[in-house]
Amino acid sequence: MTLGSAGHQDGAAFAHTVVVVESDDAVATRLLPALRASLAAGERVLMVVREPTAALVRDTLGRDSARLDWQDPTAFYQGLGAAYERFRRYLAEEHAAGRQVHVVAEPDLAGDRRPSVPADRAAAYLCYESICNESYAPYGSPVTCLWDTRCYPPAVVDGARRTHRFELTDAGRLLNPRYQPPEEFLAECNDAPLDQPPEPVDHDLRLIGAGQLALVRAALRAWSEEHRFAPAAATNVQVAVTEVAANGLTHGTPPVRVRAWRHSGTLIVQVDDGGGPSVPATAGFRPPQPAQRGGRGLWLARQMADTVAVHTAPDRTSVRLHFPAELIQTLSVA
Amino acid sequence: VPGPAVRPPGEPLCSARSDGGVLLLTGEIDLSNAPEVTEWVAAAVAAGVTRVDLSGVSFICAAGVTALLAGRDACLPGAAPLTVVCSPMVLRVLSLCVTEGDGLRVVAADGSDPMGGDAR
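Residue numbers (our numbering), protein chains in the order written: chain F, 31 to 364; chain U, 335 to 454.
Accuracy of the hints is not assured; some may be wrong.
Claimed, not checked - Just some of the chain F residues that point at chain U, by a computed CB distance under 10 Å:
#1 Leu86
#2 Asp89
#3 Arg93
#4 Ser95
#5 Ala275
#6 Trp329
#7 Leu330
These aren't lab readings, by the way, just hints derived from the structure by calculation.
Since this is a predicted model, take the numbers as computed values, not measurements.
From the three backbone atoms N, C-alpha and C, an ideal C-beta is built for every residue, glycine too.
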């Protein structure tokens, strides 16, 4: 079965499409027909791709490439949770204004060549690729994601396939049999254990009550500032750690242990408690709903950190937060 | 817990006072004092206050947001929104986790309306 160019025909299903390429030729044979079809249909196309891909598309489409909206992908450089939420709000605004846009995105996790970005950032990115099947669905704008096998290991490319309902192939746009619903995909991510924190760490604090949260915040603020985090970025660390530690006190078993260390330009904080009800796989990934009472803590932590990895075992809940300086520092307020 | 003291011993993390029909909170709001904040807001709302000034609040988190909502709901279920005046830090947190249906009108301490129309 071949489907339409970008998926407007698919009714309720969010047209989240992966295109896996292993060469420049594959970009030409798989992605470009979809771009031409969108342009022919008069659709607005927002291109957020890496420069090599942009150059290839411009060269091949020629003058038509000026009809695409080009956005600098570095504008998306910020913490993962914040980037996905900002984009969700953009899609919501377009939808509210009665507009649709075909978004063509290419992850630039090249970062991942920068030493300060954690190796598992691709895994965290894929978690958002999974949940956006749900969170972007109401807005009717198709999203096509390009993954280049020359940039990513096979396991990451496999994750990309598992998080997109459709795939653009040489035969056109097909339902992707590898697709997993977000709950299922995220549950598998939650199963991955964390490696051991280093020893010694910069801070190793134990809390038995909420009255100690302010002391932890003060210690981590001073620590962030020692590592040249600007006030806004230090606030990110304070909020995220307060939320996760408060969850440990409320839902887990005290004492709650907070360890903080630095790896290259990234501040890392791990919060452990003695275990409790397992953390739902989707916790903190869904935007708060109107009139929702609790349940904002992990959402805020995911907005404030770059990545938040959760691992639950019967006798322990561990949450690890990453704050890479160059991503968190780009936040400009407060 | 080692770490620097954040305030003189015995001084509360957050304090409240009423001034001209406005509830003013000063300090930090977290899980430790969220029940007090709920009570302060509920009592103020019951007394006719429709404006809470958090421009002197340097820290708030999800427990604080829940406390504001619970205090508002204790006396104002479904009624007029409670206006919350925000410091920059509070504004940043509320704009990430408060939605239009929550019954809070979020304004910056400088008087602007950062939440805008239907955006959050």
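Hints, one by one, checked against the model:
1. A least Cβ separation of about 36 Å between leucine 86(F) and chain U goes past the 10 Å threshold, and the interface hint is therefore violated.
2. The restraint placing aspartate 89(F) at the interface with chain U is violated, with a minimum CB-CB distance near 38 Å, outside the 10 Å limit.
3. Taking 10 Å as the C-beta contact cut-off toward chain U, the hint placing arginine 93(F) at the interface is violated, the least distance being around 36 Å.
4. A distance limit of 10 Å between C-beta atoms decides the matter here; for serine 95(F) the minimum to chain U is near 31 Å, and the interface restraint is violated.
5. Because the closest C-beta pair between alanine 275(F) and chain U is about 9 Å apart, less than 10 Å, the hint holds.
6. At its closest, the beta carbon of tryptophan 329(F) sits 6 Å from a beta carbon of chain U; the interface hint therefore holds under the 10 Å criterion.
7. The closest approach between the C-beta of leucine 330(F) and any C-beta of chain U is roughly 5 Å, which is under the 10 Å cut-off, so the hint is satisfied.
Going down the numbered hints, you'll see the structure goes against 1, 2, 3, 4, while the others check out.
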